[in-house]
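Number of protein chains: 2
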Amino acid sequence: MSPHSIPPAPAAYRTLDTNGIRSFLAGVPTLAARLGGPAARWRIREVSDGNLNNVFLIDGPAGGVCFKQSLPHVRVDPAWKMPLDRTFYEAAYLREIRPCVGALTTDVLHFDPDLFVLVVESLDRHVVLRRGLMEGGAWPDAARAVGAFVAHGTFRTSLLAAPFEEVTRRLDIFSGNRTLTRITVDLILTDPYRDHPRNHWISPDLDRIAAEIRTDPRVRRRVGAMQARFLTCRQALLHGDLHTGSVMVSADDTRIIDGEFACPGPIGFDCGLFIGNLLLHLFACRDADGQDRAVRDVAQFWTSFHDTFLELWHTATRQDGNGDAYAAALFRDDPSGLLKAQADFMQDVAEDTIAFAAMEIIRRIVGYAHVPDFDTIPDMAARAERQGTALALARDLLAAPGSTTSIAGLIDLARDRARRYP
Amino acid sequence: MSPHSIPPAPAAYRTLDTNGIRSFLAGVPTLAARLGGPAARWRIREVSDGNLNNVFLIDGPAGGVCFKQSLPHVRVDPAWKMPLDRTFYEAAYLREIRPCVGALTTDVLHFDPDLFVLVVESLDRHVVLRRGLMEGGAWPDAARAVGAFVAHGTFRTSLLAAPFEEVTRRLDIFSGNRTLTRITVDLILTDPYRDHPRNHWISPDLDRIAAEIRTDPRVRRRVGAMQARFLTCRQALLHGDLHTGSVMVSADDTRIIDGEFACPGPIGFDCGLFIGNLLLHLFACRDADGQDRAVRDVAQFWTSFHDTFLELWHTATRQDGNGDAYAAALFRDDPSGLLKAQADFMQDVAEDTIAFAAMEIIRRIVGYAHVPDFDTIPDMAARAERQGTALALARDLLAAPGSTTSIAGLIDLARDRARRYP
Ligand SMILES: Nc1ncnc2c1ncn2[C@@H]1O[C@H](COP(=O)(O)OP(=O)(O)OP(=O)(O)O)[C@@H](O)[C@H]1O
Ligand SMILES: Nc1ncnc2c1ncn2[C@@H]1O[C@H](COP(=O)(O)OP(=O)(O)OP(=O)(O)O)[C@@H](O)[C@H]1O
Ligand SMILES: [Mg+2]
Ligand SMILES: [Mg+2]
Numbered sequence: 001m002s003p004h005s006i007p008p009a010p011a012a013y014r015t016l017d018t019n020g021i022r023s024f025l026a027g028v029p030t031l032a033a034r035l036g037g038p039a040a041r042w043r044i045r046e047v048s049d050g051n052l053n054n055v056f057l058i059d060g061p062a063g064g065v066c067f068k069q070s071l072p073h074v075r076v077d078p079a080w081k082m083p084l085d086r087t088f089y090e091a092a093y094l095r096e097i098r099p100c101v102g103a104l105t106t107d108v109l110h111f112d113p114d115l116f117v118l119v120v121e122s123l124d125r126h127v128v129l130r131r132g133l134m135e136g137g138a139w140p141d142a143a144r145a146v147g148a149f150v151a152h153g154t155f156r157t158s159l160l161a162a163p164f165e166e167v168t169r170r171l172d173i174f175s176g177n178r179t180l181t182r183i184t185v186d187l188i189l190t191d192p193y194r195d196h197p198r199n200h201w202i203s204p205d206l207d208r209i210a211a212e213i214r215t216d217p218r219v220r221r222r223v224g225a226m227q228a229r230f231l232t233c234r235q236a237l238l239h240g241d242l243h244t245g246s247v248m249v250s251a252d253d254t255r256i257i258d259g260e261f262a263c264p265g266p267i268g269f270d271c272g273l274f275i276g277n278l279l280l281h282l283f284a285c286r287d288a289d290g291q292d293r294a295v296r297d298v299a300q301f302w303t304s305f306h307d308t309f310l311e312l313w314h315t316a317t318r319q320d321g322n323g324d325a326y327a328a329a330l331f332r333d334d335p336s337g338l339l340k341a342q343a344d345f346m347q348d349v350a351e352d353t354i355a356f357a358a359m360e361i362i363r364r365i366v367g368y369a370h371v372p373d374f375d376t377i378p379d380m381a382a383r384a385e386r387q388g389t390a391l392a393l394a395r396d397l398l399a400a401p402g403s404t405t406s407i408a409g410l411i412d413l414a415r416d417r418a419r420r421y422p
Numbered sequence: 001m002s003p004h005s006i007p008p009a010p011a012a013y014r015t016l017d018t019n020g021i022r023s024f025l026a027g028v029p030t031l032a033a034r035l036g037g038p039a040a041r042w043r044i045r046e047v048s049d050g051n052l053n054n055v056f057l058i059d060g061p062a063g064g065v066c067f068k069q070s071l072p073h074v075r076v077d078p079a080w081k082m083p084l085d086r087t088f089y090e091a092a093y094l095r096e097i098r099p100c101v102g103a104l105t106t107d108v109l110h111f112d113p114d115l116f117v118l119v120v121e122s123l124d125r126h127v128v129l130r131r132g133l134m135e136g137g138a139w140p141d142a143a144r145a146v147g148a149f150v151a152h153g154t155f156r157t158s159l160l161a162a163p164f165e166e167v168t169r170r171l172d173i174f175s176g177n178r179t180l181t182r183i184t185v186d187l188i189l190t191d192p193y194r195d196h197p198r199n200h201w202i203s204p205d206l207d208r209i210a211a212e213i214r215t216d217p218r219v220r221r222r223v224g225a226m227q228a229r230f231l232t233c234r235q236a237l238l239h240g241d242l243h244t245g246s247v248m249v250s251a252d253d254t255r256i257i258d259g260e261f262a263c264p265g266p267i268g269f270d271c272g273l274f275i276g277n278l279l280l281h282l283f284a285c286r287d288a289d290g291q292d293r294a295v296r297d298v299a300q301f302w303t304s305f306h307d308t309f310l311e312l313w314h315t316a317t318r319q320d321g322n323g324d325a326y327a328a329a330l331f332r333d334d335p336s337g338l339l340k341a342q343a344d345f346m347q348d349v350a351e352d353t354i355a356f357a358a359m360e361i362i363r364r365i366v367g368y369a370h371v372p373d374f375d376t377i378p379d380m381a382a383r384a385e386r387q388g389t390a391l392a393l394a395r396d397l398l399a400a401p402g403s404t405t406s407i408a409g410l411i412d413l414a415r416d417r418a419r420r421y422p
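Chains as they are written, first to last, in UniProt numbering: chain A, 1 to 422; chain B, 1 to 422.
To be clear, the hints were calculated from the coordinates, so they are not data collected in a lab. One or more hints might be untrue.
Heads up, incomplete: computed chain B residues facing chain A, CB under 7 Å, no partners named [claimed, not checked]:
{"#": "1", "residue": "Phe164"}
{"#": "2", "residue": "Glu166"}
{"#": "3", "residue": "Thr168"}
{"#": "4", "residue": "Tyr193"}
{"#": "5", "residue": "Ala329"}
For lysine to aspartate or glutamate, the following EDC-like pairs were computed, each having C-alpha atoms within a straight-line distance of at most 16 Å [to be verified]:
{"#": "6", "chain 1": "B", "residue 1": "Lys340", "chain 2": "B", "residue 2": "Glu311"}
{"#": "7", "chain 1": "A", "residue 1": "Lys340", "chain 2": "A", "residue 2": "Asp379"}
{"#": "8", "chain 1": "B", "residue 1": "Lys340", "chain 2": "A", "residue 2": "Asp307"}
{"#": "9", "chain 1": "B", "residue 1": "Lys340", "chain 2": "B", "residue 2": "Asp307"}
{"#": "10", "chain 1": "A", "residue 1": "Lys340", "chain 2": "B", "residue 2": "Asp216"}
{"#": "11", "chain 1": "A", "residue 1": "Lys340", "chain 2": "A", "residue 2": "Asp375"}
The following residues of chain B were derived to be distant from chain A, with all beta-carbon distances above 12 Å [to be verified]:
{"#": "12", "residue": "Val47"}
{"#": "13", "residue": "Cys100"}
{"#": "14", "residue": "Asp107"}
{"#": "15", "residue": "Leu159"}
{"#": "16", "residue": "Pro163"}
{"#": "17", "residue": "Arg169"}
{"#": "18", "residue": "Gly224"}
{"#": "19", "residue": "Ala236"}
{"#": "20", "residue": "Gly265"}
{"#": "21", "residue": "Asp334"}
{"#": "22", "residue": "Ala343"}
{"#": "23", "residue": "Ala369"}
{"#": "24", "residue": "Met380"}
{"#": "25", "residue": "Ala381"}
{"#": "26", "residue": "Asp396"}
{"#": "27", "residue": "Arg417"}
Glycine included, each C-beta is placed from N, C-alpha and C at the ideal position.
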């Protein structure tokens with residue numbers, strides 16, 4: 001699929017089955033100790049549910065771990081060959097981000113560079129947020145936690161927090177994450193806006209709106225600009241795949257997982273993917289309470305992100321932070337100037353967020369990788385109608401960006417359009 | 001001066017004097033052949049006139065070369081220690097850019113990674129454009145040539161021309177040019193807007209306007225945003241130091257030299273530095289013809305850059321170019337959409353250009369490294385008055401960016417303000 005050649009897997013690489021996993025873990029003393037007891041007593045369960053990697057949970061008498069291994073191909077499509085380095089980038093991302101987001105993600109317990117195995121904490125009390133939402137659960141703190149995660153992770157890796165020497169050195173490492181960035185560029189930023197065999201949708205119901213999106217000159221122009229924005233604007237280190245399937249929740253805890261798409265980019269990309277997926281859930285929702293919760297989650301996510309990010313920025317400026325953008329020297333004695341600069345900055349992030357949210361909605365309905373949220377609607381005509389409404393919203397957001405430039409405006413619009421359901 | 005430690009010079013490094021240069025060149029067969037005859041007959045002249053490096057021209061019976069060597073410190077300030085790698089980046093930049101700009105720059109004849117010696121074609125029929133302008137010369141094609149240089153160099157290294165894998169791989173190399181990027185960040189983007197011992201100006205004449213610029217909240221806000229823009233917006237590979245001292249001209253030839261500041265960044269940075277220096281010349285100009293030429297040069301530079309860049313973009317789209325931003329797939333069948341997307345794109349470049357031009361004017365009058373153009377005005381009060389007028393223009397451009405958003409508008413404003421002189 002990629003125009004670039006795939007490096008051969010290193011000689012020592014092999015895909016581990018449950019026996020292989022057992023002896024691998026037994027061979028790493030810290031992991032064996034964490035699990036406890038004899039290796040033969042460890043229970044190993046496959047939990048892979050994504051497209052890309054093998055994932056297993058292992059329980060021992062003393063504790064559990066989560067084992068993730070890259071395959072030399074897409075897990076669900078062995079003909080789609082792929083280099084192995086994605087778990088390397090996921091491990092590198094966790095190591096960068098963990099010091100500033102703390103328990104909002106998982107600890108790296110081990111990384112094996114020959115087998116491309118990443119071992120992290122097991123979250124066996126947690127469920128994937130997307131599944132939890134689809135089952136009608138309420139996770140009142142989750143969106144707020146994800147907002148705080150994005151704020152801390154992007155602020156600390158931005159030029160607001162550190163000299164450019166430190167920031168670019170870190171971002172340049174993640175520039176190397178070309179394989180998964182290529183997937184983002186193709187599947188999110190390009191394919192839905194051209195004829196491509198990977199695209200698919202409920203046909204013929206959505207044929208017309210899909211064609212409208214592909215051919216609307218205003219959409220194309222905005223999509224072109226967002227392609228450039230994603231690829232040229234290195235505001236921070238992004239998670240890169242922050243949908244509701246990359247969040248795990250329990251009654252009192254929220255964790256962000258699956259940072260393998262980590263790359264430099266505009267902060268609004270992470271915000272937009274998360275909000276886009278909440279809006280997809282909103283349009284799939286079959287009960288008014290669930291809809292209300294989805295709307296509230298968008299608002300809480302944004303408020304949490306926005307307020308946390310600006311509080312970090314205020315603190316850095318007060319403490320004479322050494323970021324090279326919006327340097328503290330300019331704003332230390334000018335609190336009202338700082339507020340205005342922050343408002344300008346957040347306005348740009350909000351506009352990026354809205355556009356990327358729209359593009360996420362589109363690619364999740366007419367592109368390669370759909371979301372399962374709509375599978376809860378058994379009647380295909382009803383499903384297509386809701387999807388069509390979501391697509392029309394996304395199209396309008398891209399076609400007339402000037403008409404909705406705030407997250408509050410986006411929320412109003414989405415709520416209005418979703419009100420006709422359930 | 002830098003907060004970052006300076007790596008020791010490699011053991012093999014030594015600064016070459018004329019004898020050292022002679023035997024060095026004699027030891028490189030291609031260079032010795034280019035010079036011709038016995039080494040003893042080569043004439044070696046030092047031409048260093050910049051701040052950073054040793055530069056010599058060498059003539060032999062058959063031809064000439066230009067020899068440039070990094071020093072472990074700033075040439076004009078041996079206490080300011082600096083790593084040697086700047087000639088490495090200049091050589092790398094020439095190698096990247098030469099295939100697309102052809103004879104608008106010089107060929108790399110040799111690079112020595114131990115001595116940090118770069119040898120390029122000798123331009124001994126040429127003079128430095130800044131000097132040529134100060135002496136009242138007319139170089140009717142120079143600005144157009146510089147515009148074409150920027151257009152070709154930035155287009156080919158942008159995401160409009162190639163897949164992101166190729167573009168980011170190249171740009172990441174130049175992210176490593178931290179030493180000289182730090183100089184840009186400090187001297188251009190930060191110091192003039194804070195109290196700093198490196199700043200200096202004609203005092204007391206310019207005390208007030210310098211203080212106004214440092215304290216105007218609107219200027220600070222815009223400067224903060226331009227710091228972020230320079231450091232986060234990787235539109236293309238920039239020359240990075242494109243002032244009129246980095247251009248050499250003869251009656252019928254223009255060459256861009258001194259690419260040691262090459263770095264990823266927004267295209268408007270190169271445009272803004274060049275235009276800023278033309279405007280500094282305009283305000284220093286003592287005759288109406290010279291003023292007219294300076295104004296015309298700004299217009300010709302911009303038109304040449306703008307038209308060449310868009311022509312390259314049109315051609316790439318027609319030929320189904322494989323750039324990942326504004327992907328050809330979106331615009332191939334939509335020429336009027338492409339025109340609008342291009343207009344949006346150029347509007348951003350123009351706004352960046354105006355802001356960076358203003359910041360260049362400011363730092364060249366109140367910052368560390370001034371331009372000599374004003375030295376032609378012997379009366380210090382008169383010199384300060386012109387500089388004050390240039391500073392006020394720059395301040396206004398930064399304080400009210402919305403009031404001048406086109407290069408035509410910038411030209412009108414500058415011409416009006418300069419009209420009171422000579
Ligand atoms: N630390 C963990 N603890 C418990 N379960 C986990 C953990 N990490 C992942 N899982 C489970 O494994 C599944 C797949 O994990 P993950 O999303 O990281 O894999 P992936 O192959 O990268 O998926 P995708 O195709 O979405 O990128 C998750 O949906 C979740 O159910
Ligand atoms: N290829 C060349 N042919 C002839 N003369 C040259 C050539 N390159 C440079 N020079 C002369 O040497 C001078 C210094 O060169 P250059 O600007 O590259 O040095 P530098 O030390 O990097 O200066 P700066 O401090 O401006 O960065 C130029 O101003 C010019 O007069
Ligand atoms: Mg994943
Ligand atoms: Mg130089």
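Quick rundown of the hints versus the structure:
1. Phe164: 5 Å, holds
2. Glu166: Cβ of B/Glu166 sits 9 Å from chain A, so the hint is violated.
3. Thr168: 5 Å, holds
4. Tyr193: 6 Å, holds
5. Ala329: 4 Å, holds
6. B/Lys340 <-> B/Glu311: It holds: about 14 Å lies between the C-alpha atoms, which stays within 16 Å.
7. A/Lys340 <-> A/Asp379: 50 Å, violated
8. B/Lys340 <-> A/Asp307: 36 Å, violated
9. B/Lys340 <-> B/Asp307: Holds, at roughly 14 Å.
10. A/Lys340 <-> B/Asp216: The hint holds at about 13 Å.
11. A/Lys340 <-> A/Asp375: 45 Å, violated
12. Val47: 32 Å, holds
13. Cys100: 19 Å, holds
14. Asp107: Holds, because the least Cβ-Cβ distance between B/Asp107 and chain A comes to about 29 Å, which exceeds 12 Å.
15. Leu159: Non-interface label fails for B/Leu159: nearest chain A Cβ at 5 Å, not farther than 12 Å.
16. Pro163: 7 Å, violated
17. Arg169: 8 Å, violated
18. Gly224: Nearest chain A Cβ is 4 Å from B/Gly224, so the label is violated.
19. Ala236: 9 Å, violated
20. Gly265: 10 Å, violated
21. Asp334: 6 Å, violated
22. Ala343: 10 Å, violated
23. Ala369: 19 Å, holds
24. Met380: 30 Å, holds
25. Ala381: Holds, because the least Cβ-Cβ distance between B/Ala381 and chain A comes to about 31 Å, which exceeds 12 Å.
26. Asp396: 18 Å, holds
27. Arg417: 26 Å, holds
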